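So the mapping is simple: our numbering equals the position in the sequence shown, first residue as 1, plus 27.
Mixed in with the good hints, there may be bad ones.
Listed below are the simulated DMTMM-like cross-link pairs for lysine to aspartate or glutamate, each with C-alpha atoms no more than 20 Å apart in a straight line [to be verified]: (1) Lys417 x Asp481; (2) Lys499 x Glu433; (3) Lys287 x Glu386.
Treat the hints as calculated values from the structure; they're not laboratory data. These numbers come from a predicted model, not from an experiment.
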Amino acid sequence: MMDNLRAASNHVVLKIILGLIILSFVLTGVGNYLIGGGGDYAAKVNGQEIGRAQLERAFANERSRQQQMLGERFSQLASNEGYIQQIRQQALSQLVDELLLDEYAKTLKLGISDAQIKQAIFEQPAFQTNGKFDNAKYLALIGNMGFSADQYAEALRNQLTTQQLVTAVANTDFMLTGETDSLAALVSQQRVVRQAVLDVNALAAKQQASEEEIKNNYEQNKSSFMAPEQFRVSYIKLDAASMQETASETDIQSWYDQHKADYTQPQRSRYSVIQAKSEADAQAVLTQLKEGGDFAALAKEKSADPISARKGGDMGWLEPATTPDELKDAGLKTKGQLSGVIKSSVGFLVARLDDVQPEQLKPLTEVHDAIAARVKQEKAIDAYYKLQQKVSDAASNDNESLAGAEQAAGVHAVETNWFSQDNVPAELNFKPVQDAIFNGGLVGGNGAPGSNSDIITVDGDRAFILRISEHKPEAIKPLSDVQAQIADTVKRNKAVKQAKADADKILVELKTGKDDALKAAGLRFGEPKTLPRNGQDAVTQAAFALAQPEKGKPSYGISEDMQGNVVLLALDQVNAGSMPEAQKQAMIQGMTQNNAQIAFEALLNNLRKDAKIKYGAAAQAQ
């Protein structure tokens with residue numbers, strides 16, 4: 028069963044579907060999925076509640092996912108309240124779908140065995156070190172998410188059960204052999220054509236464009252001849268990274284003294300445990316240990332927990348935050364000390380304290396260079412913000428120029444060449460800077476310079492002060508500037524019209540059997556070309572739209588090539604292509620995947636339609 032699930036998870040359509048519904052246990056935390064939220068709720072699905080805390084966790088994870096995927100573009104989108112609300116609704120919709128699928132899986136009596144759960148845990152990369160299962164890492168991770176081993180196993184069971192449902196739906200689609208062969212023959216079909224090209228450029232060279240035609244075209248298409256709004260900008264740039272500062276030994280020592288917690292390794296303890304199903308079994312193990320029995324050997328032989336048993340009961344190093352309460356409360360203080368029989372959520376335990384590492388503080392010598400770099404960075408940022416305020420005040424006090432700001436910054440302003448919104452200089456290509464330039468607030472009356480901008484921060488450690496030194500509003504280009512361009516357009520339009528008319532006339536004669544029509548027009552068909560069906564150009568599309576030729580008699584048609592020339596086509600032959608078996612199987616897989624995805628969406632739509640879904644106040648909270 029687990030092999031089937033792993034194979035299914037590599038199925039492309041399943042990756043798409045599972046990406047929408049499967050919980051990401053290690054990264055997203057599924058505790059709320061099991062426990063639910065309190066107070067107001069986000070939604071109730073057939074009476075089952077999705078709590079505020081659960082939605083907030085899902086929203087945070089979806090936001091983080093999109094931020095990683097979109098990079099810098101995310102910060103631009105995130106400034107839009109509607110976009111953030113859309114992320115929230117996506118997260119809530121996913122939670123609703125998960126709940127509906129979980130209910131549906133239960134109605135089908137789908138189930139996952141304990142052995143499959145254990146195997147899934149062993150094979151989870153997040154729980155492995157150097158490719159092998161690491162029990163200490165496993166317990167630490169699920170502990171940090173607020174899970175006991177039983178809770179995590181139950182959450183994983185829900186995940187695998189839903190995955191089983193997805194696999195069942197996705198594997199329902201298939202194609203018959205006859206259908207496959209017919210489709211493969213159609214897809215791989217080839218057509219042999221000859222082409223005669225009516226050269227539009229050659230025809231355009233013979234055309235004339237009168238002043239009246241040029242003027243009419245200009246009047247009818249004035250919106251095509253707009254000169255965009257243009258700017259020249261003067262700016263001062265401040266950059267924290269360029270501000271060099273020093274770090275004295277006193278500064279370094281002070282930082283170290285104030286942040287010792289950052290360089291402290293908490294006390295760690297190492298335990299070994301033997302898990303028994305009954306108190307009597309645990310007491311028997313404890314008796315053997317007290318009589319000199321080997322702990323590791325007994326753990327491998329008798330422990331009911333196969334994970335720790337493999338390592339002779341060793342739990343690895345545990346910090347206080349990751350140590351189970353049962354071990355904390357066992358009262359083990361000295362190395363080698365045995366516990367009594369401990370009752371736990373997984374049965375009964377016998378534990379031994381193997382070792383203790385006291386809290387350790389890294390010496391200053393070990394972290395000296397890292398702290399020095401940190402002190403320099405903070406001093407530079409502090410100096411940067413002080414300079415930023417100084418320059419901002421100077422720009423505000425002298426709002427007629429950047430002279431005061433230049434003196435405060437100790438640098439000269441840079442002035443750009445003319446640019447529009449379509450070709451912003453790279454040094455100003457930041458959204459906050461562009462917003463300040465193009466929103467109109469810095470433009471003076473009648474194109475005159477306006478006021479200085481406020482400080483504009485970008486990427487957290489850079490800032491700009493700028494002013495628009497010159498401005499040209501959007502305007503229609505005068506006819507004299509575009510006359511030659513319009514004349515070429517008029518001539519080409521005439522040439523295209525003539526070429527299409529000539530081609531239509533020739534096509535009529537070819538279809539009536541007058542093969543000398545081409546020669547009379549000074550044209551001829553070129554050498555035959557074999558075109559595959561998957562060609563996306565207009566000529567190929569037109570060739571495959573023609574009727575199959577009768578024996579010895581071509582089918583004719585008209586198209587255009589990539590250069591805009593008019594093309595007469597003669598379809599001479601249709602060949603049934605062949606498709607390699609691997610390609611055929613890939614085609615079948617693609618179609619069944621597409622159909623399976625459609626089927627799965629239909630299932631979800633039906634589940635949503637039949638469900639009683641009520642949204643609460645938390646669904647809209649920000």
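Is the Cα-Cα distance between Lys417 and Asp481 20 Å or less?
12 Å, holds
Check the hint pairing Lys499 with Glu433 against an upper bound of 20 Å on the C-alpha distance.
The hint is violated at about 26 Å.
Hint check: Lys287 vs Glu386, CA-CA at most 20 Å. Holds or violated?
Given pair Lys287, Glu386 holds - Cα atoms ~12 Å apart, limit 20 Å.
Of the numbered hints listed earlier, the single one contradicted by the structure is hint 2.
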